Amino acid sequence: MSELINENISIEKTSLFDFHNKNNAKIVPFGGYYLPINYPSGIIAEHNHTRLKASLFDVSHMGQIEINGPFVMEAMEKILPISFSKLAPGKIKYTQLLNHEGKIIDDLMIHKTRDDNSVWLVVNAACKQKDINHLRDNLNKKFNINLRNDLSLIALQGPKSEKILVDLIPEIKGMEFMSSSWFRYKNYEILISRCGYTGEDGFEISIPNKHVVTFTEKLLKNNDVKLAGLGARDSLRLEAGLCLYGHDIDIEKNPIEAGLKWSICKDRVDKQDFIGGQAIAGEYKKGPQRNLLGFLPKGRAPAREGTLIYDSSNKLIGEVTSGGFSPSLGVPISMGYIISSFNNKKEVFLDVRGKKIPADIIKLPFVPHNYFKRKK
Amino acid sequence: MTDIFYTKDHEWIKVNGDEGVVGITSYASEQLGDIVFVELPEKGNSFDQGKDVAVIESVKAASEIYSPASGEIFETNSSLEEKPEIINEDPLDSGWLYKIIIKNKDELKNLMSEEEYKKLIGA
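Sequence lines, in order, name chains A and B.
Note that the first sequence covers residues 1 to 376 in my numbering.
Note that the second sequence covers residues 1001 to 1123 in my numbering.
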């Protein structure tokens, strides 16, 4: 009877835990960590401030993984559906870890560092251990997989982010979107990545645990920065049409049906030379059976995760995977899968507590992305 | 004279004769955060004490409201349809949810006094 799983659930604190309490955050357990869902100003105010100016989020729960060894990129290409040769050093790529059926184990950001023998990954908190297991199972033992628990991760997100961060680190000015670099600040090194998950311009900052509180306080001296929690992070990413692992994507779904085809290198699909390659090539050929789409329900009632989706003849055609209220649009928004044979229609019906609410199908995102583009 | 009673689920009912006005407490409104939608019962419908009668949705989640008393709904707060945030701003007064003809005033004994409720929330 070795099937019994000993689930030893312990919830960890990030290095900013006391700082969050000092700032009167409402703390909840998430992905194995105690994190702020919101601060006293509330989710809507934090959301709107991010779109208007900039907010600071503690995302130290995310797994920062460094993999070292000669020819590490070649080895990672056997696992991931991306092409490092098409990526300049210092660039970041959004991708997914897939199983042999082409289903999503996790989604992540991978950095092509300026060191040929090293790659950097940022993965979801709840998936850390299974990701590392998957990497160990599929990488030669000579590679060193290092979960960087010594580093915190904070995200500065919003249109004023560059202006704010430049005051502390002038060299970040004009950094390309989806690129990263190490910078020296005072007497320590920090990794700054121009990316995020809110649909806005912004930076993710990896910083030694012992310096994170001081650095965060420094950033907050600028009046344009306010703290924001997981609540705003979720409503921001939903408006931006970005998938949340465990909700919109999971081990039952493949990247093609999830609308993530853009993140997969076509040459690699043709060669089928990565884990899940054969399945993904098949999915490319026959087309997905369901598609992730956006819905705008009529009225004010949010249609949340698990809401069933019907057509006008009351046939069940899908399910909502993320839904809530959009502070930017002032209306409810939902994301979910519907069968692909229904794709050409414009309207569906969402079953909210027994009421069939008509909803328009829309192309994601709900709110246009506002990423940084370098002036040519 | 108006009496006020509380439920362990953080609803209040203000009782005046056979009529009751129902809402949620400041504590509940703070816990829920920004309220974005309220689903109110239909006028003329009857509910038993403790039965789910309305739904309040915050940005985060949907929460059921349980009727503090049995009886028939005779008025609902229609201003909440367009401005549900009134509940956050003024939960104990203009953020009321519905008015009910109380069927059995003996049931009010099942509810808490203000003092007992304050103890419950540790105020």
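Calculated directly from the structure, the hints in this document are not laboratory data.
Predicted model, so just to flag it, every value in this text is computed and none were measured.
Glycine residues also receive a C-beta, built at the ideal position from the N, C-alpha and C atoms.
Wrong hints could be hidden among the right ones.
What the hints assert, rightly or not - For the chain A half of the interface with chain B, some residues (derived, Cβ under 7 Å), not all of them: (1) 29; (2) 33; (3) 42; (4) 73; (5) 231; (6) 298; (7) 301; (8) 329.
Each hint, compared with the structure:
1. A hinted interface residue such as residue 29 (chain A) counts as satisfied when its beta carbon comes closer than 7 Å to some beta carbon of chain B; here the least separation is about 14 Å, so the hint is violated.
2. Using the Cβ-Cβ criterion of 7 Å, the hint placing residue 33 (chain A) at the interface with chain B is not satisfied: the shortest such distance is roughly 18 Å.
3. Annotation: residue 42 (chain A) was flagged as interfacial toward chain B, and the flag holds, the nearest CB pair being 5 Å apart, inside 7 Å.
4. Violation of the interface hint for residue 73 (chain A) is found here, the shortest Cβ-Cβ separation to chain B being roughly 41 Å, above the 7 Å cut-off.
5. Because the beta carbon of residue 231 (chain A) sits about 6 Å from the nearest beta carbon in chain B, less than 7 Å, this interface hint is met.
6. For residue 298 (chain A), the shortest C-beta to C-beta distance to chain B is roughly 13 Å, which exceeds 7 Å, and the interface hint is violated.
7. At its closest, the beta carbon of residue 301 (chain A) sits 5 Å from a beta carbon of chain B; the interface hint therefore holds under the 7 Å criterion.
8. The criterion of a C-beta within 7 Å of any C-beta in chain B is not met by residue 329 (chain A), whose closest approach is roughly 12 Å, and the hint is violated.
The structure is inconsistent with the numbered hints 1, 2, 4, 6, 8, although it conforms to all the rest.
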